[in-house]
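**Q** As a plain string of letters, each chain reads:
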Amino acid sequence: MGEQKGLTIQGNMATALGAKLSRPDVIPAYPITPSTLFPEKISEYIADGELDASMIRVESEHSAMSACIGASAVGARTCTASASQGIALMHEMLFIAAGMRLPIVMAVGNRAMSAPINIWADHQDTMASRDSGWMQFYAEKNQEGLDLMILAFRIAEDERVLLPAMVGIDGFVLTHTVEGVQAPAQEDVDEFLPPYDPPHGKLDPEEPMTFGSLGTPEYYQELKYDQTKAMDNTPEIIDEIFDEFEEKFGRNYNRITPYRCEDADIILLTMGSMTGTARAAVDEMREEGEKVGLAKLTVFRPFPSDLLKEIAGDVHGLAVVDRNISPGFGGAVFAECAGAFINEKKSPLMKNFIVGLGGREIFKKNFREMYEKTKKAVETGKVEKPVEWINMDEDVMR
Amino acid sequence: MGEQKGLTIQGNMATALGAKLSRPDVIPAYPITPSTLFPEKISEYIADGELDASMIRVESEHSAMSACIGASAVGARTCTASASQGIALMHEMLFIAAGMRLPIVMAVGNRAMSAPINIWADHQDTMASRDSGWMQFYAEKNQEGLDLMILAFRIAEDERVLLPAMVGIDGFVLTHTVEGVQAPAQEDVDEFLPPYDPPHGKLDPEEPMTFGSLGTPEYYQELKYDQTKAMDNTPEIIDEIFDEFEEKFGRNYNRITPYRCEDADIILLTMGSMTGTARAAVDEMREEGEKVGLAKLTVFRPFPSDLLKEIAGDVHGLAVVDRNISPGFGGAVFAECAGAFINEKKSPLMKNFIVGLGGREIFKKNFREMYEKTKKAVETGKVEKPVEWINMDEDVMR
Amino acid sequence: MSKVKITIAGINKKPGSSKEYKTGGWRTMKPEVDVEKCIRCLQCFDYCPDGAIKKTEDAIEFDLDYCKGCGICERECPVEAIVMKVEEK
Amino acid sequence: MSKVKITIAGINKKPGSSKEYKTGGWRTMKPEVDVEKCIRCLQCFDYCPDGAIKKTEDAIEFDLDYCKGCGICERECPVEAIVMKVEEK
Amino acid sequence: MYEVRFHGRGGQGAVTAAHTLSEAAFREDKDVQSFPMFGVERRGAPVAAFARIDEKEIDIKTQIYEPDIVIVLDMSLIDVVDVTDGLKEGGKIILNTAKDPSEFDFGDATVYTVNATKIAVDNGLGTETNPIVNTAVLGAYSRVAGNVKIENIKKAIENNVPVKHEENKKAAEQAYENVIGV
Amino acid sequence: MYEVRFHGRGGQGAVTAAHTLSEAAFREDKDVQSFPMFGVERRGAPVAAFARIDEKEIDIKTQIYEPDIVIVLDMSLIDVVDVTDGLKEGGKIILNTAKDPSEFDFGDATVYTVNATKIAVDNGLGTETNPIVNTAVLGAYSRVAGNVKIENIKKAIENNVPVKHEENKKAAEQAYENVIGV
Amino acid sequence: MSEDEKKELLASGHRMCAGCGEGTAMRTILNEAGPNSIATVATGCLEVTTTAFPQTAWEIPLIHAAFENAASVAAGIESALKQMDKKGETNILSFAGDGGTFDIGFQALSGMFERKHNVTHICLDNEAYMNTGIQRCSSTPYGASTTTSPKGKYSIGEDRPKKPIARIASAHDIPYAATACIGYINDLKKKVNKALEADGPAFLHVFAPCPTGWRHGSSDTIELAKLAVETGVFVLWEAEDGNICDLNVTYKPKERKPVEEYLKKQRRFAHLTEEHIEKIQKEVDEKCEEYGF
Amino acid sequence: MSEDEKKELLASGHRMCAGCGEGTAMRTILNEAGPNSIATVATGCLEVTTTAFPQTAWEIPLIHAAFENAASVAAGIESALKQMDKKGETNILSFAGDGGTFDIGFQALSGMFERKHNVTHICLDNEAYMNTGIQRCSSTPYGASTTTSPKGKYSIGEDRPKKPIARIASAHDIPYAATACIGYINDLKKKVNKALEADGPAFLHVFAPCPTGWRHGSSDTIELAKLAVETGVFVLWEAEDGNICDLNVTYKPKERKPVEEYLKKQRRFAHLTEEHIEKIQKEVDEKCEEYGF
Ligand SMILES: Cc1ncc(C[n+]2csc(CCOP(=O)(O)OP(=O)(O)O)c2C)c(N)n1
Ligand SMILES: Cc1ncc(C[n+]2csc(CCOP(=O)(O)OP(=O)(O)O)c2C)c(N)n1
Ligand code: SF4
Ligand code: SF4
Ligand code: SF4
Ligand code: SF4
Ligand code: SF4
Ligand code: SF4
Ligand SMILES: [Mg+2]
Ligand SMILES: [Mg+2]
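Residue numbers (the working numbering), protein chains in the order written: chain P, 70 to 467; chain E, 70 to 467; chain U, 15 to 103; chain S, 15 to 103; chain F, 537 to 718; chain D, 537 to 718; chain B, 19 to 311; chain C, 19 to 311.
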């Protein structure tokens, strides 16, 4: 095995490096803050001869995903990068990529959605495409961003899966932040991720096929079911591939990773970069004797209800921290956590906290506050406000 | 009060008539099956001098919603119509219309999303925009389609609301199906729905304002909260306006309408046209002595957790019927029902049924099956498969 | 048509399988060719939207499984070798 | 800058309020005009990207609250009436 | 509840016939639905259209699989589609033909015939090869089904058919009078 | 954990300085972060850049509000931004100036000065009006903060600065030697 | 295989209306391009009538993704093939209707042109959104009644002229742009070949009458296609390297027929008064003068 | 109010870089259009630097919705005003950068043109996506190094010519299309007026150097703007009613300067060899011949 190489790089460079190590053939991309350093870095790799790939500098994200679809359908390993408005603009094509079972990988720099326009960290962009049939991975740090790119290709292209995948890294907090990472050696990645050869078919004049048929009511529901089943089957496959990755590269991934949860009364459930700060807060509170744990969601799609129930099945309170808001309901993660537990005999009280929208900071003290509020709910047995917004500036509210 | 006029018309004609009675100023629209009869009918009204409005025959749905935004921002009453890929293509602009607090109304002919391409009934299109900040109304029949259009304008333009709204009618099952409707008299609608005069501001050289500011992290979360709060406040306002409508026009609307729920053990929760068939099934089962009820969701956004808990708080089983699928989780309505009940001391067992995708029929016998399955879960106290697909053709599965 | 099994993503590996669907049933008028008159200019062949005209040694013939009876061939034949007749029931 | 209250949808009813933000602090070089040399051709006025040049009776003056010190005015003045100087600290 | 299916070809007006029928029934304070086959077929392809009529409010929202009556606008369809598919036991079938019902055998279905083509052409509705028979067959329906009055059919025609109101109404009336088998 | 803030102007390389510093510390097996101010400011506007250095793994993901040390690349900023904003009690501040620390008063902060501009220009890094001082100040940092070795600073410069490696390394070294106040 | 035995690359059994001009167009184009081709197709009549699972009328590899992106899907295919087998002998064809070309697909097309992908985009122009039921498109000519530009008391139907799409395409400085028409099969075949041979993006604007949307008899399709050209309503030309100021008119009728002959055969124009027809004639005359006949 | 006292309609305090060409362009255009105007603006430097809550640099009503739709938002405004007050004396201006015009906003623009809205679209061309950090756009000229078309061992930077956007716009047969440049303020002002007076859609392509993206000194902005014209790199012209074959060149330098003078002042071109420069010179020569100078 080749040696891993230590580097200090921004999150976007980490996902770009992960992509490069995966040897993509075609990268159609359109710039959008905060994901732009990804296509920039890829361009540089190609200009310098470090990567033999074709970058298509499309005129919009709709075309980016469309070109991904075309390229993937002829059997090219394909990836792109986007964020926010860009992901929204490709919304239509996300469903189509998934429905066509094309294992495209997208590096996302998670960012808020307009209006008002805002370029900072927020999970609304990818959360609003949670129905699209894409797998969704979220990184806590740049190392995870790098690794998850390689993993995403491997999982997406697995014959049993054949679904596209997004790897989300938080805007600025990761995308533009330099951290130390260990980069696997190319030969090891090559071993882990063999070249892509579409098992289901590809566009080829030697063997003509029609992709993208019209699915009448006689077949549509079965076709959707077939696609959904592929997603439902992934948890085991993801676990298996995560294990293989750990064996090879020494880094451990889980769909949900528990931290100090064994004897916890209350668990904070987080996703993305906020997890680090939450961990620091948990450590502090533990020092103070609070029985608090942390669960980090790495795989949001498919939603790991099974693991969540294992981890949080016995606690009294679960604080679901959402960096997104579905107005008229609450946070998206919260809804699915509720879905996981609704029929359980025993289920934790659940609080939903909306945090960090549009780059609003999430401090340790905010996690402490969430913990306190959840604890109070547990103590009183009542959840008065299921959804609360944290770290609001009351002074500026009209 | 003017007399109502009986007519037999397709669902699209009903929503178009509802729009016409609401006297829109500008209608930017792009054709897409099964909503196209809406702009066609509007065009005819204008060509025949029955409606004094400007129809913009835009080149795409992205531009349709963009033109709606421009028109609404100068104070025009604005509506459009779309479906499926069209709604997906305007995804980005939906969030922006809501964030800008523009009371645009969209008539939707609910249809499945590609791939595979399919033009038939399915709620995936609007469900996948449930985070966008739009209110969402769903009609069971054409009469509701007509009325809800008028109601949507009235609610959306309410000074306390100022949010856009969608009115969904199921593709073909309603859009292309002729039913009898009662059309209110123009003068009564005029009374119910006064001309729109934006209370928050409009683009006007006499009083220059900037719309669509950049919202930095210092303000974004508060701006989003402000918008979300407006949505959270709507239930009462909706109830109030529904009441006023009933007084004036004699037809009763509720965010959720219960049917034979008083003493029910199990309730089916439905949305859209399937409700009719479900009602027939409930009647049959009631004849047979089954204690089954039906709850019809008319307002999906804001999600009526309060009413749902009132209606289904005491039953043993709740069968949530979703005409959409979020692969890797389940149905969207299910998640939110779970969210409504998660912290309740008593909550029904919940089953989620995925039905009617891409125009797949939903028969009475299918509702009976859902009931039976839910009943079995209640009896055994166990929900083995929380999400089940109904009316699948096993023979065609690969 | 009897239903078949779905394929992954609905990918269709049977090129030209539309031929399973006989559009002849759409027809109310049927073309007939007068082989004697035909000069085999193949205008009809070129214009037929349905590929329902086959070339024969010295004239053409119709594939009535697919001919929809549009009448273009009759109209475009320069020597009036084709006539449309009401389809017998 | 101290924070203010939000408005509905962030609508800004104060046209030209960017003037609250003094971009003079961006400057490292400062323009100075020789009023004697100036022929009031207003080239500098036209070209200044920041609207930081004001017309006076018979010449121009700089609005140092906003001048970012780009040096365009110095470069474009046809009579070299403007010079950029290092900003004093 | 009474369920009706029309068979025609794209452009022959089967959908208008179904709509017109439902409107006629609506005028009698019945609850109604009518709809086309929910497909993507093109002009020329065989099409079907449906109507539901009930004294009570119609809840059901599925398509019609077991009609009480089937109406065939174009006899050339008989060989192409199974017009009796799903027809209720003892159901009725109306054919547009000059022939006598006795010449047809559709199992236990009662067959009625009407020469709608001749009636249409006689009234100046289309040509021999392209007759507009959708109003004529509604007259026959009124007589055969007996649940919608011919007057209301005629009123509904006035509302739903864009041109030649009188001719169309006359065609319906003549078909009402001349349907064979009742 | 040690937190660092750089003040400069757009284009002066404050972000590269922060990155270079973090890389130097990473070479000493420390965990590091560095990032720019997360804003939309344009060239010429005052900017800030940050670095975090710790022996332990750094969990925290917020921006830096209470730095241990502040480094000012451009003295013209002193009047424009509050460079000591949030500086920890007893924190340090390094100024790029020819003046002596005693000429400044920043409350209880310890002031260090280094004539990075002169060092840069002497090494051919930029011009008097546009000196490239970001490598020089890192030398000063190494000396003042004492938690990152000058050798590692120099190695990190080699990796992160695109041109004039030797000159930049020399500038860092000279600044290390000549910082006043230690 | 002799010319006569060549396999038809658009199989029969597709579900286009009887007499559909797109059928004629597609047979000609695909057979000319040959089997070493890959196609993308935008949503529209062509796609819906040829790809309903479990059948397909395509004998060459085809992909349909959405309505607005035939050209960008094709761009992805082209780049991938170039990257992976670096030969690039396969023809890449991108098909869309007028809606998918003039309107919703125009940006994808413009981007494909600009990036110089070796793709031939073919627009099947039937002058409206036919698949969804004859709605107005920017290709719809002045005076045509469509369902969203209906004639009426206050409307003469479509009130704007047809968007000059092929000129706009050519203005992108692409190596080959041409108009063609199913009434002129040999001209069409030649242009298909030239487009495919071009070194870079090519654009073919193919006029294909639609009996359903134009409301004419199904047997009139070819006659109308010819009349459009004979009257000067639709001019056949080609332009190389963006040279629209010096384009090559490939067919000039000896004598131009009056537009009335063309209009009168179509019910979409049935409401036009003589004045309207005169106005249209005048505009056609002006345009023909521009094109030099 | 005397000419001298007119209020500046783009207020100071905006956050564009020092020496930004967009600042000069916008001051000129807005002041010329006057206060009876409503503007839309696409995402980009202009928008981001002028609208950060709670401040705005705009003295006229402005709306920003997204990046790709300045023209369709403007179309909505125009239709609404026409419908509601039926006078339509207010100027409707649609602003976008080159990215928002040439690329992602091109379809919205083309649709607005085709529907003949009375809107003037103004493209501020700085030849790349500047707001996001200097990425390649179809406006980027051959040879320029950008972050997504970087120079490198295997790359000379952007390898495709600039998309001829104003010609393409004009090919839409719009009443007025013109190119302008901030080095020629009077020409620009005249064209703003002509565009606003046109009866229907108008297009202004305004060349505005960007010191940050082109990597030149902030004081070089105007000089470079002028050099672009003096070298023939950017030609000033206008065309009425789509008449691109007979357009009006509004400024001809007495003697064309060598492109090298222009290129050498910008670091984005610093890597070009003499051969590259010769190639560029040749292309410029050819183009200038086409334009007749
Ligand atoms: C984003 C989106 N909007 C709208 C539609 C609906 N739609 C499908 S095909 C079509 C019209 C096609 O018109 P054209 O491209 O001219 O092809 P034709 O059917 O006329 O051959 C429309 C509007 C769609 N599929 N996707
Ligand atoms: C749909 C979408 N994609 C991408 C972006 C990101 N984005 C914002 S502005 C911009 C570049 C703007 O370039 P241009 O239009 O040339 O204006 P400039 O900033 O150069 O003046 C980009 C890529 C976005 N806001 N929305
Ligand atoms: S067009 Fe007439 S002559 Fe020519 S091949 Fe056909 S039948 Fe024969
Ligand atoms: S009638 Fe039409 S479909 Fe039949 S062979 Fe002739 S041209 Fe072809
Ligand atoms: S450019 Fe020079 S001469 Fe002209 S007004 Fe300005 S300072 Fe005076
Ligand atoms: S230096 Fe620049 S910003 Fe300052 S006045 Fe001169 S032109 Fe304006
Ligand atoms: S509607 Fe027109 S284009 Fe579509 S299949 Fe029918 S004839 Fe062809
Ligand atoms: S990056 Fe360029 S265009 Fe943008 S503000 Fe700076 S100078 Fe102006
Ligand atoms: Mg068309
Ligand atoms: Mg730009």
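These are computed hints drawn from the structure, not numbers from a lab.
Every value quoted in this text rests on a predicted model; they were computed, and no experiment measured them.
Beta carbons are placed, not taken as given, at the ideal position from N, Cα and C, and that holds for glycine.
One or more hints might be untrue.
Stated by the list, open to error - Chain S side only, calculated, beta carbon under 8 angstroms to chain C, not exhaustive:
{"#": "1", "residue": "Gly30"}
{"#": "2", "residue": "Lys44"}
{"#": "3", "residue": "Asp64"}
{"#": "4", "residue": "Ala66"}
{"#": "5", "residue": "Phe76"}
{"#": "6", "residue": "Asp77"}
{"#": "7", "residue": "Gly85"}
Said to hold, decoys possible - Listed below are several chain P residues computed to face chain D (Cβ distance under 10 angstroms; list not exhaustive):
{"#": "8", "residue": "Thr246"}
{"#": "9", "residue": "Tyr265"}
{"#": "10", "residue": "Pro268"}
**Q** A separate judgement is required for each hint: does it hold in the structure or not?
**A** Structure-based check of each hint:
Interface restraint check: glycine 30 of chain S against chain C, minimum CB-CB distance 4 angstroms, threshold 8 angstroms, status holds. Interface hint status for lysine 44 of chain S: violated, as the beta-carbon distance to the closest one in chain C is roughly 12 angstroms, over 8 angstroms. A least Cβ separation of about 5 angstroms between aspartate 64 of chain S and chain C falls short of the 8 angstroms threshold, and the interface hint therefore holds. Look at alanine 66 of chain S: its Cβ gets to within about 6 angstroms of chain C, closer than 8 angstroms, so that hint holds up.
Evaluation of the phenylalanine 76 of chain S hint against chain C yields a violated restraint, the C-beta minimum of about 11 angstroms exceeding 8 angstroms. A distance limit of 8 angstroms between C-beta atoms decides the matter here; for aspartate 77 of chain S the minimum to chain C is near 7 angstroms, and the interface restraint holds. Hint status for glycine 85 of chain S: holds, given a least beta-carbon distance of 3 angstroms to chain C, under 8 angstroms. Checking threonine 246 of chain P against chain D by beta carbon gives a least distance of about 4 angstroms; that is within 10 angstroms, so the hint holds.
Of the supplied interface hints, the one on tyrosine 265 of chain P is violated, with its beta-carbon coming no nearer than about 33 angstroms to a beta-carbon of chain D, more than 10 angstroms. About 40 angstroms separates the beta-carbon of proline 268 of chain P from the nearest beta-carbon of chain D, more than 10 angstroms, and the hint is not met.
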